[in-house]
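Chemist: Protein chains in written order, with this note's numbering: chain C, 1 to 426; chain S, 1 to 528.
In case anyone wonders, no lab produced these hints; they're calculated from the structure. Mixed in with the good hints, there may be bad ones.
When the alpha-carbon atoms are kept at most 30 Å apart in a straight line, the in silico DSBU-like pairs for lysine-lysine are as follows [what the hints assert, rightly or not]:
#, chain 1, residue 1, chain 2, residue 2
1, C, K81, S, K495
2, C, K333, C, K380
3, C, K424, C, K323
4, C, K81, S, K426
5, S, K496, C, K81
6, C, K79, S, K18
Keep in mind it's a predicted model, so treat the numbers as computed, not measured.
Each chain, letter by letter, is given below.
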Amino acid sequence: MVLSQHIKSFAKISAFGSFLIATLFSGLAQAEYRLNFQDPVTEVARDIFGLHMLIFWICVVIFVAVFGVMFYSIFAHRKSKNYEPSQFSHSTSVEIVWTIVPFIILVAMAVPATQVLIKMEDTTKSDLTIKITGYQWKWGYDYLGLDQDISFYATLSTPREQIDQFNKETAQPQGENYLLETDKVLVVPSDRKVRALITANDVIHAWWIPAFGTKKDAIPGYINELWFKVDKGKEGIYRGQCAELCGKDHAFMPIVVQVVTGEEFDAWVAAGGSFEGADVALATAAEQAPVATKPQEKVISVIEAIVPAAQAAQEPAAEASAKTWTKEDLMAKGESVSASCSACHGADGNGIPGVFPAIAGSAIATGPVDEHLRIVMFGKAGTAMQAFAGQLSDEEIAAVVTYQRNSFGNDTGDIVLPADVKAKRN
Amino acid sequence: MSHAATAGDHGHDDHDHKPPFFQRWFMSTNHKDIGTLYLIFSLTMLFVGGAMALVIRAELWQPGLQFVDPHFFNQMTTVHALIMVFGAVMPGFVGFANWMLPLMIGAPDMALPRMNNWSFWILPFAFTILLSSFFVPGGAPASGWTLYAPLTIQGGMSVDMGIVAIHMMGISSIMGAINVIVTVLNMRAPGMTLMKMPMFVWTWLITAFLLIAVMPVFAGAVTMLLTDRHFGTAFFNPAGGGDPVLYQHIFWFFGHPEVYIMILPAFGIISHIIPTFARKPLFGYSSMVFATAAIAFLSFIVWAHHMFTVGMPLQGELFFMYATMLISVPTGVKVFNWVTTMWRGSMTFETPMLYAIGVVFLFTLGGLSGLMLAITPADFQYHDTYFVVAHFHYVLFSGAVMAMMGGAFFWLPKWTGHMYNESLGKIHFWLTSIFFNITFFPQHFLGLAGMPRRYADYPVQFTEFNQWSSFGAFGLGLSQLLFVYIIVATVRGGKKATAEVWENPEGLEWTVPSPAPFHTFDEPPVIK
Numbered sequence: 001m002v003l004s005q006h007i008k009s010f011a012k013i014s015a016f017g018s019f020l021i022a023t024l025f026s027g028l029a030q031a032e033y034r035l036n037f038q039d040p041v042t043e044v045a046r047d048i049f050g051l052h053m054l055i056f057w058i059c060v061v062i063f064v065a066v067f068g069v070m071f072y073s074i075f076a077h078r079k080s081k082n083y084e085p086s087q088f089s090h091s092t093s094v095e096i097v098w099t100i101v102p103f104i105i106l107v108a109m110a111v112p113a114t115q116v117l118i119k120m121e122d123t124t125k126s127d128l129t130i131k132i133t134g135y136q137w138k139w140g141y142d143y144l145g146l147d148q149d150i151s152f153y154a155t156l157s158t159p160r161e162q163i164d165q166f167n168k169e170t171a172q173p174q175g176e177n178y179l180l181e182t183d184k185v186l187v188v189p190s191d192r193k194v195r196a197l198i199t200a201n202d203v204i205h206a207w208w209i210p211a212f213g214t215k216k217d218a219i220p221g222y223i224n225e226l227w228f229k230v231d232k233g234k235e236g237i238y239r240g241q242c243a244e245l246c247g248k249d250h251a252f253m254p255i256v257v258q259v260v261t262g263e264e265f266d267a268w269v270a271a272g273g274s275f276e277g278a279d280v281a282l283a284t285a286a287e288q289a290p291v292a293t294k295p296q297e298k299v300i301s302v303i304e305a306i307v308p309a310a311q312a313a314q315e316p317a318a319e320a321s322a323k324t325w326t327k328e329d330l331m332a333k334g335e336s337v338s339a340s341c342s343a344c345h346g347a348d349g350n351g352i353p354g355v356f357p358a359i360a361g362s363a364i365a366t367g368p369v370d371e372h373l374r375i376v377m378f379g380k381a382g383t384a385m386q387a388f389a390g391q392l393s394d395e396e397i398a399a400v401v402t403y404q405r406n407s408f409g410n411d412t413g414d415i416v417l418p419a420d421v422k423a424k425r426n
Numbered sequence: 001m002s003h004a005a006t007a008g009d010h011g012h013d014d015h016d017h018k019p020p021f022f023q024r025w026f027m028s029t030n031h032k033d034i035g036t037l038y039l040i041f042s043l044t045m046l047f048v049g050g051a052m053a054l055v056i057r058a059e060l061w062q063p064g065l066q067f068v069d070p071h072f073f074n075q076m077t078t079v080h081a082l083i084m085v086f087g088a089v090m091p092g093f094v095g096f097a098n099w100m101l102p103l104m105i106g107a108p109d110m111a112l113p114r115m116n117n118w119s120f121w122i123l124p125f126a127f128t129i130l131l132s133s134f135f136v137p138g139g140a141p142a143s144g145w146t147l148y149a150p151l152t153i154q155g156g157m158s159v160d161m162g163i164v165a166i167h168m169m170g171i172s173s174i175m176g177a178i179n180v181i182v183t184v185l186n187m188r189a190p191g192m193t194l195m196k197m198p199m200f201v202w203t204w205l206i207t208a209f210l211l212i213a214v215m216p217v218f219a220g221a222v223t224m225l226l227t228d229r230h231f232g233t234a235f236f237n238p239a240g241g242g243d244p245v246l247y248q249h250i251f252w253f254f255g256h257p258e259v260y261i262m263i264l265p266a267f268g269i270i271s272h273i274i275p276t277f278a279r280k281p282l283f284g285y286s287s288m289v290f291a292t293a294a295i296a297f298l299s300f301i302v303w304a305h306h307m308f309t310v311g312m313p314l315q316g317e318l319f320f321m322y323a324t325m326l327i328s329v330p331t332g333v334k335v336f337n338w339v340t341t342m343w344r345g346s347m348t349f350e351t352p353m354l355y356a357i358g359v360v361f362l363f364t365l366g367g368l369s370g371l372m373l374a375i376t377p378a379d380f381q382y383h384d385t386y387f388v389v390a391h392f393h394y395v396l397f398s399g400a401v402m403a404m405m406g407g408a409f410f411w412l413p414k415w416t417g418h419m420y421n422e423s424l425g426k427i428h429f430w431l432t433s434i435f436f437n438i439t440f441f442p443q444h445f446l447g448l449a450g451m452p453r454r455y456a457d458y459p460v461q462f463t464e465f466n467q468w469s470s471f472g473a474f475g476l477g478l479s480q481l482l483f484v485y486i487i488v489a490t491v492r493g494g495k496k497a498t499a500e501v502w503e504n505p506e507g508l509e510w511t512v513p514s515p516a517p518f519h520t521f522d523e524p525p526v527i528k
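Based on the sequences and whatever the hints tell you, model everything.
Modeler: In structure tokens form, the structure reads like this:
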């Protein structure tokens, strides 16, 4: 009778428990998830993976051995089995053994670790050098020593509606590469040693591509180095994220690298390394390629899309400066490039009190135009305000300043023209 | 290590005369009352910091931003850590030290009772300042508890409030440490030589030296930060030629000994519980003492393993890797000693013993992941991911915090004079350790798969393990309400505890009645 009650209540509890567990497992069953490192595509990443697994298994063996003994003791040497306690309290020989043996195991671990580390730190004899700069919150890339001058910024391209889930009506479901996609991607050749010089403009960031086995802090005032050489045949898209807390949007400055063959890379460089017109093709390829590698054909098709588009893209840029800008043009363009501003100052221009000042009604955005332009172009020392003179074109700066002086409730009526910016540059 | 006491019964009636409420709890110089205040403060902070952890876990339940914006999220991770480290774990162990050190060494009180009062009463003010920074423009510090420059140079006035609070906490810790050292070195009962001191006394003595050595270093670091922020210096500000990496070196020169400050007293507590319930003396007492000292020494020369990715020279990386790996030798000695203490004992499994076994098991798991982190090339992959978050919660929660819970159950009858409810105690242990593992074990996988830490939002492939983790965190948080209930119920009543409480426990604290009278050891006991 009592027993049956126990069984009943147990059945109820276990039904609830299995419901909870089933809910969790159904989640697990649906999605791709990973228990270990991403598949390595460089020799160093493979070495690290091997080292990681070696140490992991050594730790497992130690763990099982020590706790095998402990749990045996817990089951055998208990008072309820009338086990008579022994009173021994030391044994010099045993204590020497379990000091020496772990030491030997450590030496066995240290030898391969040292070898891999020496290899990782050897950045000599590289085929290509790229300067990587961390900004709040985007990455800047400069290809050094090439015939063509290639440099660009890569910012998160995931739509805000996928991120902001506060308001269920405007929220959109997340895409496959949510928070792992950027507007422009770093293009590097496979089978060539790529050396990266890493620094930062404002605070410390860290550049990390798990599949390459590389992570280095990007520190303002320092130039760090790392290198990688992606295996031939492993061309594709690889994704990583910033790995050092860099403020509000730390989670929103991913790194996307497209690895192409050497010939494709040379063609891309010869075409000026432009992304104009290729965004769609890249985005499509990016969507189709999850975190790991993808077949080579897809990558080639992307490159084919980029190269002619890049050549075609040279002309409109030249036209832009000759154009006569109206206030409407400037306002429209200003709104489109204001994402860099709203990252800190907020989409409504109100900033975060005490951390990021407001644009709405601010002394700078409603005061003298000259000072406003100066702050936007050259930044403000000691704060997160960056110098945008090097990041944005004359037209973009003119547009965004015009936009700020006539939005968020500001109505100065001022118009700033690209020529004004150009004058200020000199 | 035998210190059989010859102390008689010191519990005269007039020894139990207690001052009125206000004088007793606000002006106390009694080590037991100050110990109680510290412990209550620590438990309160555990809930404050825990609530912040639950905000973090609620936001991380699924990808996208559902509850808080990333700036507030960063405030949560930062203040959660500061509260747990400086508000929950450190004052908790000081509470244990206050209560137990005089009882263990046969002293009537701490050596410097007024300073003892002062060092406690600084803390509520320090944490009021820290917590009130949520209400200033820009909110609380949001740069991570490590307060790395130059991110902190950007922060709002809350950073200054945090710096002031840290200075106050530092002063409090240093005074507490001085008190421990003076008490232990001067007030031991006749016959208690250093090598007869109980392990908890030893671990605290070494911890106190660590505190005095490193708290001023941290104070120096945050002071330089303050002058960089307001007085035009450029110690760490690259815009003025300063060096952000220098801040990290100074911080971690404090920060690494700090993690041992938080674990060595836990080792001490475990070294009392296991022999009691194994009914067998602690194995290798002197090697335990030397291992503790060795860990403390090594803790000063491994700091840069927290910063392998800053781009140190190869030689530097190799040195810090080797030195870090070396720490596992004395730590291993401790674990082997505990297991051997259990070996061929006659064990029973009351709540404190369950906690002690849980700590040995789970702390070692965290220790082994620490060994993996020491391997520099692999650390480049683990660094700043959830693998690190999992690692330090295994050593800090299932090491330090669970050891304190075990210690609380172990000495609660001595403190209150009542036995706690054993079944509820065991349920609390199982709930805590199961939910703890559901929370933090999956974070190993998240980290290996590439999820960086301090992220308010994450790519979709990390969803499942984050849901496990959030589910476990809420269970873990709610289970602690049971802990409070058990303690309150035990304070209010329950079976009378004997002076010995447990079966033939070793140590002077078990020679005084339960509850321990207001004044104990007016005449020192003699240790043979």
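Chemist: Next, verify each hint and record whether it holds.
Modeler: Consistency of the hints with the structure:
| no. | hint | result |
| --- | --- | --- |
| 1 | C:K81 - S:K495 | 27 Å, holds |
| 2 | C:K333 - C:K380 | 24 Å, holds |
| 3 | C:K424 - C:K323 | 19 Å, holds |
| 4 | C:K81 - S:K426 | 21 Å, holds |
| 5 | S:K496 - C:K81 | 28 Å, holds |
| 6 | C:K79 - S:K18 | 41 Å, violated |
Taken one by one, the earlier hints fail for this structure only at number 6.
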